[in-house]
Structure formats: structure tokens, C-alpha cells
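Asker: Below, each chain spelled out in residue letters.
There are 2 protein chains.
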Amino acid sequence: MSRIREHNRELIIQAASEIFADQGYAATKIIEIANRAGLPKPNVYYYFKSKENLYRSVIESVIDPLLQAAQPFYEDDDPATVLEQYIIAKIKVSQQHPHASKVFASEIMHGAPHLPEDIADKMMEQTIQSSNKIQSWVDRGLMDRVDPHHLLFTIWAATQTYADFDWQISRVTGKDKLSQSDYDTAAQQLTQLILKGCGVQTSKAAKAG
Amino acid sequence: MSRIREHNRELIIQAASEIFADQGYAATKIIEIANRAGLPKPNVYYYFKSKENLYRSVIESVIDPLLQAAQPFYEDDDPATVLEQYIIAKIKVSQQHPHASKVFASEIMHGAPHLPEDIADKMMEQTIQSSNKIQSWVDRGLMDRVDPHHLLFTIWAATQTYADFDWQISRVTGKDKLSQSDYDTAAQQLTQLILKGCGVQTSKAAKAG
DNA sequence: CCACATCTTAACTCCGCGGTCAAAAACAGG
DNA sequence: CCTGTTTTTGACCGCGGAGTTAAGATGTGG
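Protein chains in written order, with this note's numbering: chain A, 576 to 784; chain B, 576 to 784.
Calculated directly from the structure, the hints in this document are not laboratory data.
Given the structure is predicted, the values throughout are model-derived calculations rather than measurements.
It is possible that some hints are incorrect.
All copies of an identical chain are treated as equivalent in the list; a pair is satisfied when it fits inside any one copy or across any two copies.
As the list claims (entries may be wrong) - For lysine-lysine, the following DSS-like pairs were computed, each having C-alpha atoms within a straight-line distance of at most 25 Å: (1) Lys626 with Lys752; (2) Lys750 with Lys708; (3) Lys604 with Lys626; (4) Lys667 with Lys697; (5) Lys750 with Lys616; (6) Lys604 with Lys708; (7) Lys697 with Lys752; (8) Lys697 with Lys750; (9) Lys667 with Lys750; (10) Lys616 with Lys752; (11) Lys752 with Lys771; (12) Lys697 with Lys708; (13) Lys626 with Lys667; (14) Lys604 with Lys771; (15) Lys771 with Lys616; (16) Lys667 with Lys624; (17) Lys708 with Lys624.
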């Protein structure tokens, strides 16, 4: 509908992502979000009926990128290619949606009390697909006999950490913010670690679309 | 002093760990902690002056185990031994202090606003030591040319994840709670991944105390 | 049994924040 | 410029939770 509506909703969601990520749901005050968005508080309630509602919108804003990241599992069957592309995509989400990413992680950490059931189901479905695929690689002798679940947990954790624990990472690296090349290094090194660590056969053969 | 005091403080810290881990600092109500501890609310204020104070006590309760986990770096110089022991110790912390672990992670995620400066410094110091040691292994050709920081981030993330994202892990594995052997598998597989992935030379020679 | 410290309890205050409202302003279309 | 709709705004309400208080109970040492 109205251009104003769309614009202000975006402003608010952006501000909300940052503050929810920074402080967590309960500690976040609507008025802070309003201030950061440059709008009076009742506007937030005008565009989003409640705090809960706004929060859900923030979460939903990162769902699509997250689901998209698993695409490599559906587009290819070569373990080296899929795992590399998956890791790159996951790190890219951490890099490009750091706030929403953090909000999502926090949500999961607390038992996903606000995550709509259908989204949780969709992610679960993806997980099953992915671990089946990994299992099939193991069965075909294309990689070591790893447990697919644990492998996924490690990949999730290692890629998410660049968004979730940015404070720690800043402190350790001494940089206020990681540069593009830092993210590239992270992705490259993690890929190397996973591929080599799982004994993945790097046959460039099976590169089917 | 009083045995009662000591006992009740422990009760409260235990209850507080669980609730803070579950809900986060801001969402936690003192009365819930009191209820779980089986005490009236003012008792919590009697033993701990404030919510903030109690929260800090919870955090401090996990600092020691966390710092201890880095011992392997000081006790040995063989990369395979150190990394394996480190990973085992880290996962053990996640397993044995799941609540406090989660509270700590949440604290770091939000920029460590309550973490005493001296503790942050101590952890930073450990990190420097650890990454120096890894760098020395690289320099001596005992492992691939990995970036020590990124390697540490991956290890931290992958081990912490078993405490922080227990909900997700439960859902994926279909188990309400991981068994001892699940943790063992996790540690074993992660060790394998890291050692092989970093091309660590498994010479059982350098096992000096 | 007394005196003193420790601990428990119910009732209370205070204030900050989620959420509301009604009126004013800005906008849109004819 | 008039009319209806969308958006903005400041003032307001009510609740719930952090923290307090002061009196009572229980413990402890002589």
C-alpha cells in the first residue's frame, strides 16, 4: 500500500534488529527502537501491533537468507563443492545480517519460544535432507565415517560464531570490525578444515547443476 | 560463616543459573528464582544484595572451570595432545555446567556488560598464550599454516554449541538430553576433524610434562 | 533460660515500560 | 478547496517486578 508505511516499517525493523541483537528481547525498550528509527513511540505500535509482533517480524527477516544458505545441498552432489558453498553461504549470512542473525541465535538458545512452528519445521526438514546427503557421501566412500549431525553442528557453530560472538572476536583480533578479507579467510580456512578433516575426496568430476 | 548461609547461597545460585540460562537476565524474575530454590523472595535479597549481584555470582561460578579448560596449553607442547585435551575439557564444561555456560555465552554475545574487567583480561591473556603456542607449532612445521585465531574461534564455537544450542541439538538428534556417549562421540569426532583438518603431526614423542 | 545474632516472612513502595487514546496534522483524490 | 483516510503526536493508564522494611521466628553460646 502506502509508500510511507513500507518505508517506516523497514526503518523500524532495522532499528529493532540492532537493539534486540544488542540487548535481547526482554531488555529492549520500544522507545529505544523508536528513537533509533527517528520516530515517536506510538508509531511503532501503529505499524506493529505489539513488541512481540515486531520481534517476530525481525526474526522472519532473517529466515529467508538462512533457508537459502542450504541451497548448495540441493544443487549439487559433490561433497567438496556442497560443503564449501554451504560454509561460504553461512558465513555470508553472519556477515550480511549480523543483527538479525544474533537475534535468531538468541531465540534458539532460549528454546525458540517465539519461532513459528512452520518455520521450525522447515528448518528441521532441511536438516534431515542435509544429513541424509552427508550420510550418502559416507556410504559411497566419498568421505570419512563422520556423524552427519555432529558435522552440521560444527559447521553451524563455527559460521554463526562470527555474528554471535563479534564482541569476543573484536577483542581477540584487535579489530573493531572484521574486513571482507577477514571473512574470506575465515570461510577459506573453515572450508579447508572441514574438507581435509572429513577426508573429502576432491574430485572435480561430479559438478552437475 | 553459618552453614545455613552457605547452603542457601548455593541453592539460590543453582536456581539462578537455570533460570538466567533459560530466560536471560532481563526476563528473569527474582521471585522465580526464589520459588525454584524453595525460598521466599526477600531471602534472595538477603543473601545477594541485588539481581545484578546475583547474576555476577552465577557468572563467576563458571569462570574457574572455563579457565581451567585451557590448562592443556600450559602442560604440554605436542599439538595433538594439547588440542585433544583442550577439546575434551571444553566439551566437558558444556556438559557439566550447561546452565552457567549458557549464561556466560549470552553475556559474551551481548558485549559482556557485566563481566568484571579482570576476568576479561585473564581470558584475553590465555587466548594470547594459546594462539602463540599454535603459531609456534605452525612455525615449527608441526601443523598446517592455519590462523591461530580462527582455529580457536572454531574450537570455542563447536564445543560451546553443545551447551548453548541444546534445544536445537535435542530437536535434531531426537533426544531429550544427550548421553555421556553422545558427548564422547562429539569430542572424539571434533578432535579428529581438527587434528586431521589442520594436518597435525601425531608424533607421540613430545609428551613432556 | 537468657541475650544476641541470624534468618524468615508478609506487606509495602516505587517506578519504568508496554500499551492506549483522542485529537491534530499531513496526505490523497476529486 | 473540500472530504475522507492515513499518519503523527503528547498525554495518559495500569501492571508487574525490583527492592525495602520492620516485625517475628529460629538458631547459638553461655
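Asker: Each hint should be assessed against the structure and marked as holding or not.
Answerer: Status of the hints after comparison with the structure:
no. : hint               : result
1   : Lys626 with Lys752 : neither (30 Å within a copy, 32 Å between copies)
2   : Lys750 with Lys708 : between (38 Å within a copy, 21 Å between copies)
3   : Lys604 with Lys626 : both (9 Å within a copy, 19 Å between copies)
4   : Lys667 with Lys697 : within (21 Å within a copy, 32 Å between copies)
5   : Lys750 with Lys616 : neither (35 Å within a copy, 44 Å between copies)
6   : Lys604 with Lys708 : neither (44 Å within a copy, 44 Å between copies)
7   : Lys697 with Lys752 : between (33 Å within a copy, 23 Å between copies)
8   : Lys697 with Lys750 : between (37 Å within a copy, 19 Å between copies)
9   : Lys667 with Lys750 : within (19 Å within a copy, 31 Å between copies)
10  : Lys616 with Lys752 : neither (31 Å within a copy, 43 Å between copies)
11  : Lys752 with Lys771 : neither (29 Å within a copy, 31 Å between copies)
12  : Lys697 with Lys708 : within (17 Å within a copy, 43 Å between copies)
13  : Lys626 with Lys667 : neither (28 Å within a copy, 38 Å between copies)
14  : Lys604 with Lys771 : neither (47 Å within a copy, 48 Å between copies)
15  : Lys771 with Lys616 : neither (53 Å within a copy, 55 Å between copies)
16  : Lys667 with Lys624 : neither (32 Å within a copy, 44 Å between copies)
17  : Lys708 with Lys624 : neither (42 Å within a copy, 54 Å between copies)
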